[in-house]
Amino acid sequence: MSNKYWQGFGELNDSEKFQKRVDDEFRDELPFEDFDSKGLLDAKAPRRDFLKYLGFSTAAATLAASCKTKVREAIPYGNKPDNLVPGEAKYYATTYTQGGDAVPVIAKVRDGRPIKIEGNDYLSATNGGTSARVQASVLDLYDMHRLRFPLRKAGSKFEESMYDVLDKAIAAELAAAGSVVLLTSTINSPSTLEIIAKNPKIRLVQYDAVSYNGILLANEASGFGRKIPSYKFDQASVIVSLGADFLGTWLSSEENAAGYAKGRRIDEKNPVMSKHYQFESFLSLTGSNADERFTHRPSQTGAVALALLAAVGGGVAAPAITDSRLNAGIAKVAAELKAAGGKALVVSGSNDVNVQLVVNAINNAIGAYGTTIDWSRADQSRKGTDKEFADLLAQMEGGQVDALLIHEANPVYDYFDGKRFASALSKIRTTVSFGYRMDETTELCKYILPSPHYLESWGDAEPKTGIYSFIQPTIFPLFKTRPFQTSLLKWSGSAEDYDTYVKNFWHQKAGSETAYHKALENGMLEEAASGSGSFNGSAVAAAATAIAAHPAGGKDELVLYEKVSIGPGYGAVNPWLQELPDAVSKANWGSYALISLPKAKELGIVTDVDYEYYPDKPVIKISDGKNTIEVPILVTPGMNANTIAIAVGYGRGEKLGKTAAGVGVNVFPFASMAKDGSGISYFVTNVTVANTGRKEKVAQTQIHNSYEGRVEVVRETTLATYRQKPNEILDFRNKLVENYAKNTGDFRKEATLYGDHEKPGIKWGMNIDMNACTGCSACVVACHAENNVPVVGKSEVLRYHDMHWLRIDRYFVSDEKDPDNLKGVVFQPMLCQHCDNAPCENVCPVAATNHSSEGINQMAYNRCIGTRYCANNCPFKVRRFNWADYTGADSFANNQDQKLVGVLDPVVHQMNDAVSRMVLNPDVTVRSRGVMEKCSFCIQRLQHAKLEAKKENRPLQDGEAKTACQQACATNAIVFGDARDAHSAISLVRLNNPQRLFYSLEQLHVLPNVSYFSKIRNTDEIIGGNGHGAEGGHGEAHGATVPAAEKHEEAAHH
Amino acid sequence: MTISKYIINRFFLIILTLFTLSWFNTISAQDADGKTLFLSKCASCHAPDMKTNSTGPALFGVEGQWEDKSKLHEWIRNNQKLIASGYPQAVETSKLTANVMSVFPDLTDPQIDAILKYIDEKGSGKLDGGKGGQANGPAGAAAGEGDSSQHPLLYGVITLILALAALILIFVNRNLKKISDDTEGKKTPDAVPFLQNKIYLATAAILLFIVGGYFTTKAMINMNRQKNYEPKQPIFYSHKVHAGINQINCLYCHGNAWESKTAAIPSVNVCMNCHKTIQKYNGPELKDKNGNPVDGTAEIAKLYQYAGFDPQNPDAWDANKAKPIDWVKIHNLPDHVYFNHSQHVRVGNVQCQTCHGEITGMDEVHQFAELSMGWCVNCHRQTKVNFNVDSASGNQFYSIYEKFHNDIKSGKMDSVTVKDIGGLECQKCHY
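The listed protein sequences derive, respectively, from chains B and U. For the first sequence, the UniProt record's numbering assigns the number 1054 to the last residue and increments by one with no breaks. For the second sequence, the UniProt record's numbering assigns the number 431 to the last residue and increments by one with no breaks.
Next up, chain U with everything else stripped away, as it sits in the complex (with noise of 0.2 angstroms):
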């Protein structure tokens, strides 16, 4: 008896180990790498593959063109200052194409140096080999911590087997005990037949109500989440052609993440800036989630009605008459939950994939952070921010907190995080 004890301590150990496992899901937050800065800063006018000429000229081999990098690095934060000043390379720099370069003064070196480094690479193609992965950055990394929810059942499989193993193993040991014994010709009592034996029906009973348990409450908890909701929307728009093939910034059209709580899906009208010239659909083949073919026209050409656009006559569109579109909301918050998307974009710094997932690649978008509470509160716990504040990449607001200042010129602080400046307290997000 003392064998099977100790083997069914053992498998609670197991089963125990399992659970904790299962209950992380750590998702981390990455500094912002040279590939999302240039999508979100540079991409607007700059070809993403870096040869081709658009709004703005070609990028690669830029770093070589100039010869004093500091200077370069002056021209991408304000290039109008440079060409004021007369320094010849900018002032022959800005005759290459008519457009004129916006101003990017909260651009740090080091982001800087990413983003030269992304363009080098990406222009010398470095970067399309088989590593494409890696370079996904935080997108890449979140969409990895996705497959975390397949672990429970790889656990589970292992377990069962490993559990059947124990089990036979059991059986086996018992049976040679009970040869052993009888050739040695000790008696031994029959052994009690497996549905009457008050043990395993106990640690079955134990079992049930632990699993059972465990797998009702997650389900309870779970309600009304919404992982991975996928409905189908009025028009198949996708965000692989949009933001991930044709490189558009997110804030083009979501630019209210950038001011206001809401990201707010655009209007009909800033649509119809890039439509009213795009009005076929020449990308590589479309497919919606069950596999059917979608013919990418024919959707624009839905825009367009709802628009109020005539393609044969461009000029006669008035905007004002466009009828708005019945988007489905994906994304739903509890009313008890406040959550603003300026403070995490435009303060924090936070990447749209790491709460949306890899965006560039999804056709119709799915839901792909869980939006529970504890997946809220571990990115807080987890995300630092930006305490430098003697530097211009730290936001002055945080100058007023001076004890962490100290700690962290005494050493006694490494960094600090949302949950030092209270980001886990119960009014930063419920009021």
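In isolation and in its complexed conformation, chain B is listed as follows (with noise of 0.2 angstroms):
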């Protein structure tokens, strides 16, 4: 049996008009007005209008191009700085901080602006690694939306006003205030803690968009303390996930999936491997990663931890469990787990107490806690309990709250309640919010003072416990805002602003002046490790009664989801993170309902090919009840047929801004408080779903690009398979030579018409290791950023005008006629492969793409002319044409509005807006209307990393020249180098491991620079034939697959 490879459904049912819609690639008609289907001959004025045009367009040129030359001028320093040399970036390490989450960072700042974010290796903590939300954090600081100055409430509006008056009227506010709060997502800055415990008036409540109470609470009972442990991932050799997102959202991804992923690298030589389950009931980023996965109803999540513990000898009685599937993988990695030897992990993103007392239970009896689970250094990014904040909403309510001052916490928007959260507000005497922009909770409030953004800021943060990362400014803030820190010391009568105090607060525990500075110049400073804990088993039992007494789900469930891009609302602010297509669903800015094939059967939706030709999506109406909203569907192989999955953090209030007004809907309020008060849950058990016969457009990206049937361009296999025919790709490349280089045995060279490029120097070379990618994205949003890569907007993205350089391309994998039956999903980093024998070159009537000596695939913008020949015989897909002028680069000024090309979404008018385009890479060229574009390989900052070696005469380091997809990646799954010379990383990499090794679509003799190891899944199942690479497609290619092993297929089931 053959696995089917498949982006979409359109590929799957391979029709006729998939055939069509793939031949016709630039779909868009040229914008002539009047032009129908008549032909030019029959057309209105088709003549006229050529002429109409020619003449315009001369005429214009002439005019633009003969217009006296600006006078540009040159204004140096008055004074420069010593260290500081115009034209060259400087580095600075610090942190990112948002909603208790704490990234250390290194922040390239070119002439006094920051402009890129980069992970900071210095502790292993993070490992260098950065996510998609910490990559784009630089752009929410140029963020035209921003608050810019305090202001006061008079009337219903708004007005102005200055920090001395304001801190005047509030202080004298605080000081007749009987109960002062201080409402705050977690805070983990040591300095911040110290200050407000310096102020007992003031009491701290800290609460969590997205609740981690469950797991803080359950630890608590199990004699830990109510905190979080850190998870080693790679020490884990088997690792079950119960519906944890912990390679996308779920505590610090980053950290775990630098763990994850070195327990899934593979050495050729013995092949061994991690082995992840996932239990869950939509297919999430993490699931996608899974060898196997089992789906359930969110109902029955504590009915599956239960009878997991049940399976390793927990002593509990399990409610039953109908599904077969279902109980026979329960059974399954229960026998795993227990043979693991301790060196196995169960996580669980539940937040019911119960159900995390069940898994810590199971942690326990498999031995994970002292190896998989360390509590020597605690978690510290979420400590928001749901009662507390339940506690303060009722004394609020009852009037006991007399003053609330709001930092980072929202809970008009994300809390599930929100309606009765801004009632309540309302109610309160003094309400000050230290907001960054005009959020729904900050606009209720009386008194706003703005806090600078972290790169803008002095501070610190201890993200685990002995781990601290320090947060320092790498630019003067642009507005005028003030740490809430300053004025909570100014209120309580302190003369010492924060960024003072903190760094007395750091010269005295860091030692000296000196040691602090040196840690500052690291960015982190690490104590020892300390702490243990010891599993308190008696509040299991208890537990497992409570989960036992869990009403079973109606027909239909929901399940509310983070995504890796907008989290829980933070991203929907962020043109770069709401134009991020979501790596399962490919889909980008706005809401949509995953449903399962079967339930889209059984509401009449039909996956033929019109769903998947066109961006309209039918719209489903769900109700819980007490909320009612209709959202366009997204069909999705490998759900729980009967769960609904929509993201949280869309349907952001108007004043946020042009990115995320009027974006998606808010799913927030669909949770719901347990009925004992002891936390939020994420799902609702019983929902009505009626299909409304309406559409709306979703948009999404990749399912626009075909490989025309060509298998080869990814390639993945089983564990199984991999050990019983490890050679099989090497067989395919040793055919390759057989068939086509029969004199010489050289494949590139003999196998062509063409010369071979002369390659004296440097040959660039990326790897990039598909075990390794988890999905996660960074490495798209850091293209982003290094690259000026425009965002587009909704509208474009709808037309295929999409700009992604870096995209991940998903395949689902299925046999062929049961595509519900999902077995895996393949995510595949694509990007220019830097053909050395590059179809593009060829076909370029002007030359303006050819080869470097140094294996680059080059692009001459100003020397294109927009023909798009190269894009139509690329055959993987990659290049990227300005439809119009997104980057406002055209010599004309304000030319993003067309009357024939449409008018363009606001928010690409946002990122035109001059505080936006201060995050622009001087470095790179912004394209005008006209020109194509594609990946550079970072052609800038492998010169810059050239340059620097030229400049202290010695020969370029291995390692030092790095593209920004590869910086960004939290597993390093991205090897670049000089292919040339044998003892660079690249060089080794592929020649230890030449049986995973293939070329994309290597028959093709496109000769790429990019290589990529392909992707083993831990499974038993034996694949047969040759056809586990595949973009699907039709294809006779997998006429050629041989049923050899359908009898270990049905191995593979139990």
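No wet-lab data here; the hints were simulated from the structure. One or more hints might be untrue.
In silico BS3-like pairs for lysine-lysine, Cα to Cα no more than 27 angstroms straight-line [said to hold, decoys possible]:
(1) U:K384 to B:K946
(2) U:K321 to B:K480
(3) B:K759 to U:K276
(4) U:K409 to B:K946
(5) B:K80 to U:K428
(6) B:K950 to U:K409
(7) U:K409 to B:K951
(8) B:K332 to B:K232
Everything numeric in this text was worked out from a predicted model, so none of it was measured.
Put the two chains together into one complex; each comes in its own frame, and the hints tell you how they fit.
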């Protein structure tokens, strides 16, 4: 039995229409008015139009070009700071912080402007990895919708005020107030906590947008204290996730992914890897990476955990589960967990204390504590408990709170009962927001004292106990902002501001000024790890009873989840993150409901080619009795049949600006508090679902490209198959040599009519290990930031005008006949392959794209005349065309909106705002309308590295030149370097992995400089034939598969 | 008719040759000579007339004072080491002034020899004769190159005269032929009047098309190019006075060119390093480009305005109060061009004058080079890269180019140009 690799239903079902669409790659007609299908001769006024355009453009070009060259000024400093070299970047270690997350980073600062965030690998904590949100955070700094000065409410409107005026007013009000509450997201800054502690009048309430209450309370009940441990995914040979999206959004996902990838890498001589099981209700990013997945209803979460505990010998009675596949899965997983000898780990994404207690019991039973769960470094990123917040809400309503200070918390939007919070807020006399933007909660407050961005601030963070990460400013504050700590200090009568406070705090703590400066330079400071915990199982029995009493779900259930890009709503205001396609659904810009194939059928939705062909997706109506929403659907394989999944974070307030406004719907109101008040649950066990018959557009990428049935784009196999036939890929490659290079055995030289390029010096090469890639998409945003890749907005994505230079291709793996029985998902980062025999180069009529002696497929924008022949001829579909003037680079000012091209979305204009444009990398040209662009291997970084080496009179060291995607990757899936140097990392990694190494579409003899390691799923399934490299489509290639292993197939299902 | 055809053909040939010639626009890169080396390395401390003591002692005759020439080389490269080794002459020399001499470990033997030769020639007055132009080195050569822009006009005038002569000759020839035919009694048709002669008209039209087309194209290519652009600056800052007469090293003010992509205009505090004490201009009379006299002292006073400096009370000056000066940018590259000064100045050892012209002779600076892509590429084609990685002079970065090193050793190649290492590739400058 062979597997089918498919990107969408159109391709899976492979119809005539799909074929037609594939043939018609650039579907947009030339933008002539009145031009219909009659042909040029019969059109209304084609010749005249032509002459008009010709005349106008000639005249316009002449006018534009003959205008007097404008006088440019070169203004030096008055007094240049000593350590500053204009035109050269400086790097400062600082820390990304948001909602409790703290990731040590290095900010690249060019001429006083931070323009890029890179990972800081000084300590192993994050391994230098970043996430998409960390990468995109620099754009938040330049958000035109930031609050720019302090405000106070006068009537229903806000008016600008001054800090000293507000300080006096607020200090007086606070002095008169009986009870003052500071509501924040989790704070892990030691200095801030000290300031709050010194101020006894202020009560701190920490509130997390998406609650981790369950795990905190369960750990407390298990005797570990109210904290979250560090999880060592690299130590686990069996990883079981009960709905925890630990590679995407769950706790320190960068660190989790780094550890996880270590266990996934394969040594070809001894192919072993960790085994990852996922139990979940919908197809999450982490689930997509799992070796084996089992789906269940959200209401069964507890039952599954309990059944697993029973199966590993927990001595509890589990409620019956009727799904036989799920039952078999639990039995199999339990057996493996027990056999792992402590090298196993179970994590759960549930916010239910009882479920987490059961998970703790499982971890205890399998010996995970001390091996894969580390209590010496507690995770400090989430501390809020739901009861504490609910109590606060009750006190607010009861008039027991006189003043509420809100920092980085937005309950009006992200609390399930935001309306109740809003009305309680209106009863409080003094409400102060330290908001960054005019978010839903901030706009209801009386005073607003805007906070600076982390790149403008001093500060500190303690993401894990004993690991400190420092925040230092990289730019003078752009607006009249002030850290909220300064306000607290001022209002408590201190003359010190926070900047001085944090300096003194660390001078003392680090021992000396020098030690502090050293720590600042490194960005981090480490204290010895300490602390341990022992499990106390006394609460497990009660938890089991409570779970058993959970009511069964109704016909349909709804689960809320976080997207990697948007999170609980932080990313919705960031254009790069809105534009980032979700790795699993490939959709950006808006809400949609993931539904299963059977559910679609039940609702009368046909997943035929029309469904795939048009972006218009059927809209369903979902109601839980209290809330009703209508959202378009995306039919997704591998879902639990009766579960619908919708991402939180959309449907933000109008005042947050052009990016967030009007995008998607807010589904937080569907969450609910458990009956006993112990925690919020992010699923609804009984919803009614109906097809409205209406359709709405969902912007998706990838689905419009096709590899024309060429199956060797991506290669994937199972560990069992790989062990049995390790040389499958090698054989394929040898066969190419046999067939096309009979005489010399040199496939590169013999199998072509063209000559080879000379490469006297460096030859750049990249390798991507698909076993290490988790699809987290940090690289995609890093590429955006580094290369000034434009944001095009939803309307343009709908027209397939998305501009990502690097995309994560997602392939579903299943039997052709049974698409819903998903065997796996393959993520393949696809970027320009920099072919040495590039099809794009041959067809360019003006030689705008050609080859460099270093193996780079170059693109000279100013030479390009926009024929798009190159994109048509590219087998990998990585070239991107500027259909409009997205970056404002045209010679004509304000050329974004054109009558003929169409009006662009507001977000494009936002990105062209003078403040937003400060994020542009000055070393990379902004492309104008009508030119082609694509991945350049970050040529500016390579040139810079080479120049540094030359300046220091030495050869280039391996690893010195890094591409942005490689730098961003948390799992080091990308290796890059000089492939001509036999000792470089790229040469060694290729040399040592001959069996998994493949070049995408190698048989085309395009000779890519990007190689891949095939993806290996750790299952026992034996895949027959050679059909496991595929884009799918239609293909005779599949016909060649041999059903040799059908009996193994059956075995695999056990 | 055959004769006139012949002449017309000739005529085209001449025109074509002329056009072809005028396209050549070559800039030759030259190795650093003694003068430029002296000016860039030594002149900030040693007086350029070689005869007066400055921060460092006068240098004329220095070669004769050292017995062991290799020790002198060592001294120049790293005087501290030589002093530390206890070499008597070094110890003695170090006592000449209270100042410590900088070290120049990068200087090669031929370079030091060139400097010493220049010191000797300059000091003995050999260079002050009429051959100054020759000694100007690359700057002179580059300036000479600038004259090539005059050639098309010269050629044009000559061509016009020749063409007129040819035309007269044709008429004379024809008349003579007619007379001889008449005398021989042969009948010849009456000559077609000049303006109705289709051949002449066609020739004129084609000529107009070619010449007009040539100039139109050239004008369009040159749009937005600003060769010889010399805007008025907020302060009449004379490079001639600073870099020429006073021999201040370019990198003293434009040190950024050593580190970064931009050469950067010095900040006000750099100007004030000297002008805190130099408050009056006593040099030769200054004239602006229109020939009007300029009061140097008044221009220095303008600087004080920006700097917020009171000459009466110099100690009270606070550099942080200085306001930046709005200089007008002269050398503008399009946004899609990446140019890095440090690559050229530090790595490539290119003299500033190669691209900026004889800056030491300019009062207000004008754009010397065309800064067109053809101009860049020409230099990349011709400039040799120092591949001599076995000696200290060559950059070790190039050691990985095995093939080229082998080819040089085997004599297949005599030198490696910037072009050979990818200097003509699009993404060297466009990304």
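Comparing the hints with the structure gives:
no.	hint	result
1	U:K384 to B:K946	holds, 19 angstroms
2	U:K321 to B:K480	holds, 23 angstroms
3	B:K759 to U:K276	violated, 55 angstroms
4	U:K409 to B:K946	holds, 25 angstroms
5	B:K80 to U:K428	violated, 30 angstroms
6	B:K950 to U:K409	holds, 23 angstroms
7	U:K409 to B:K951	holds, 26 angstroms
8	B:K332 to B:K232	holds, 23 angstroms
Consistency with the previously given hints fails for numbers 3 and 5, ordered from lowest to highest.
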